[in-house]
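Colleague: Mind docking chain B on chain A? Use the hints.
Protein chains in written order, with this note's numbering: chain A, 7 to 680; chain B, 5 to 461.
If you are wondering where the hints come from, they were derived from the structure by calculation, not from laboratory data.
All values reported here derive from a predicted model rather than from experimental measurement.
Dumping the calculated DMTMM-like pairs for lysine to aspartate or glutamate here, alpha-carbon to alpha-carbon at most 20 Å: (1) B:Lys336 / A:Asp450; (2) A:Lys457 / B:Asp272; (3) B:Lys326 / A:Asp408; (4) A:Lys489 / B:Glu356; (5) A:Lys496 / B:Glu353; (6) A:Lys213 / B:Glu442; (7) B:Lys62 / B:Asp149; (8) B:Lys326 / A:Glu469.
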Amino acid sequence: MSEKDIRIGAYVCYCGGNISDVVDCEQVAETLRGLPNVVVVRTDLSMCSDAGQSLIEEDIKEKGVNRVVVGACAPSLHEVTFRKAVARAGLNPYLYHHVCLREQDSWVHQSNPDEATAKAGRLMLAGIAKARMLEQLDTIRLEAEQHALVIGGGIAGLRTAWDAAQRGIRVTLIEKSPFLGGHMAQLETIFPTGENARQALHELIEKVVSHFLVTVYTNAELTSARGYMGDFRVTITAQPRGVAEDFAHFDEAAAACPVEVPDDFNYGLTTRKAIYLRYPDAIPNTPAIDWKACTRCGECKKVNGTGIDLDGKPQTIDLTVGAVVVATGFQPYQPREGEFGYGQFPEVVTLPQMIRLMTMQEGNGKLTWNGHPVNNIALIHCVGSREIPGVHEPQEDGRVNDYCSRICCTATLQMTNELHERFPYINLFDLHEDIRTYSRGHEDIYTEASKNGVRFLRFHGDERPEVTAAPPDDTSPLLVRVKDYLTWGKELEVPADLVVLATGMMPNPVSDIVKLLKITEGNDRFLLEVHPKLQPVETAVPGVILAGTAQGPMNIQETCSAASAAAAKVGVLLGQGQVSLEPFVARVNHDLCDGSGQCVAVCAYEDAIALEPVLVDGKTVQKAVVSPANCVGCGVCVSVCPNHAIDVQGWTLEQYEAMVDAITADLPKLEVVE
Amino acid sequence: MNSRPDPNESENPMNTPDLKVDALVVGGGIAGMQSALDLADQGYRVALVEKEASIGGKMIMLSKVFPTLDCCSCITTPKMSAVAHHDNITLLTTCDVQALHTNGNGGYTAKVQQNPRYIDADACTGCRQCEYVCPIDLPASYDLDMGATRAIRVPFSTAVPQKAIIDIEHCLLCGKCEKACPTDAVDFSQQPFTFNIETNAVVLATGFQTTPTDAKREYGGGKLLNVIDALSMERLLAPTGPYGHILRPSDGKEPESIAYVQCAGSRDQSLGVPYCSRVCCMYAIKQAMLLSGALPMADITIYYMDIRTFGKGYEQFYQNAKAMGIEFVHGKVARIDEDSEHNPVIRVETIENGRIAERTHDLVVLSVGMLPGENLGPIFDVQPADDGFAAIPDPTLSPSATGHPGVFVTGTASGPMDIVDSIIMAGAAAAQAAAYLETMRSSVAAGPTAIPEVAHV
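Bound conformation, chain A alone (with noise of 0.2 Å):
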């Protein structure tokens, strides 16, 4: 198109007053009047309204408006909108240009009016500068594999994989252990419903692993990923499991294997061999080998000559996916050597393993622990949270767990409330920092608690319990020490023959898939999303999504909450089977670039750009090459360029230096004469 043909429209939006209050639209209006390829020049009140933006669609298609801009809001509130009714119009929607007039200008200049209007006239002539260069661009739309990979097969990674395979997804979910369900299998009954949390678990389980959409590999953990949102190019490595399907002699060949670790299903409390199931209904219900602890000496395999492979080779697998949902969870907080007496005194466990312990113990006799009779029982909270900096000793890379995890307060209550219904003769006795009962159904739990007679005491945070040893002719093994607020900061001693420690949530290690997947994780260590509200489950990789306590803690119910909204995410992404990006991405012009290769050097995106053989004049040289969909418009490579032969599209040098001059030209019109 010729300079001459370039037909530009201009509006100056009061913005309700937000803008005219402060800025004399008319004014600015009046100085655009007549520039050379400005054709229309309006004022409104209110150009994102219906009415607003029909005068543009108009001007359009009645005087051949073929270049937009608006001095409106901000470009993150309506760029989009004006691009919408461009395109509504018939134009292409990049040759148009936002303006911002109300954060950039009038709100922060509402003392200053006169030099407001003329900052306000200046910001429109850069505008109207750039828009005499703007180029029809096409959004960058990439086929979208219907696929998503799902890794954790908790309760997270299974309900996002069922919501997703519901809405028509085909769904890969991985698991790095040999069995499914994650913690949630760990669990007897869930707070506040009393059900039953290994049937509910199995239910969803047994409806996941059917669902013709989705494929489950267990043992198998992410090696490789690389390309882009809707275009993933992962491998998957699967471990053996060492045992056929099958299998029918499992009990003999665990009785077989000389090697005990211990169980970590019942969180050390028990041991197991190295041929497992983790659970006996466990799902898949075949037995599996913990080659960690294996030493191959073959004495599973003379139970019986078939069904075991000791030397297995693991199976990789490579998959195109269009997501990546992150659903890796938790591990509860592992205190240290003598924090509160863990691992001092035997009496000393925390509440994840005190959960087992009550599963273990059967009938609703009498409660004993290490051959003990158990007539008292303290309760810590927050062991492993809202510690303090500078309080409480960090852990090795130097952070205390300065948050509350959430869901210890209802557990240890729960656990109050199982306690005192199956073994009612036992004093309990629960110190807290603040009781965080918060949930629906929750507040009851505490109620429950407090009518049974539950002792509560509370300390401050920077002066927690001590855990001691009982003098020898005491009944209980250990005392509790603790400086009470709930009896005005008296000094008290509580005897405990079990103390139980409410240790809370901590993200588990997945530094190796955060690397992969170029994900961030938040001081807290858990993985971070973008933003809480405006993109809660997504990461700042376009593509890769969060599901459960990988992000921080949550219950059941939230987790399976946050797995559908990461569902749900998975959906919009893919449902359509394409995805499309600005096109606001580096271009090389092929005449200026010497394949000097700075630009690669300078890139921080993988596969953004790269130097590959191009034919010039018969002959094959390097140059730069820039693959869209990596590419996310940065522009450092542009900065770099020797030869000015990279642009970002959209944005390019050419537009930047016009508004310049456009900002920075001696205007006299636009001062304000008295």
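Modeller: Leaving out everything else, chain B in the frame of chain A:
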């Protein structure tokens, strides 16, 4: 909800759907908007029905939002705008769903009444000329009656849609607005209008209400001038607020000592509200921080039973507030009276030392709780649980699903929750509605041949 239309309605309008969508979202607060967007962005056609004249719900009234302290408008208005401009969303304001019937095909027919704005919404440009000439001054409900508004008005500055509405109860029919309107949009002849929406899925996001300030006799029963609720404080703190300053009601003075009374409507058996409202600790701390900025010399005290800052980043937020010098006093406030100058006097047992204290402040803010909003029983057959919020059959694994296939409930209609949790849950409801829509579609279209191959290995 009835399984079949009422036979008494002759020439049943149910037979003629006026709008056909994939999903009907009821409620245009943050939860409803987010559900609508998450469905529409997946390509489903959505009708969003809001009974007020603008979407935005309670959230748009807030000042800043925790824990990021983002300006609330900056988070809410882009979502409102996205809803209004989305190709797949039909936005219906001033509309009530009056009945919902199953349509026999696995979907539903909603009977919706659009209440008159007395404005031709297509013609109105939101220029507010009508508002300027209207002779009727009324307390502004958007500012909780602290500012003034007119009988004809655009509901608030960031309302979506930016269309005027006439408060017909207070209108004198003087006709000044009609003359002032540049587009002849005023139309006093409008009548309620009923139409049908045919939909396959329904998302109920009808929200909550706050504890009335007069709920608790011990806290003055709403009669103490300088005892306000936290939503009023939100308006005072908002940049679009009524005064642009923090002023107390009795004499318009800037308060030098402000107290927050926590659990003023929650965890209180005497009010029949045994549950925790989840948001009050955080909003009180947030307001205390904002007040520290607005009134740097003011003393701010928060009286509490437990501080429940359980969300992501919330505990750190609480610790920051303590470091800023905000005073936290452990004790349930027993009574609030006032002295001869209307200064509220708080009577509380300070638990840390076991003493009864009486402390005088310039202004007391009640951290009011969340009460159930609309009873979803009569129209949607989603019955309230004991706490008044929607009963959820499988709250653990399917927190959004109701007993009716394809009908979901989300946000604070299903219990107290903050904005972050509402947004997450709105996404969850959208996911489950989408799954339902696809299941319906495939049960019609697919046979075994439609099954794609399982992922290659």
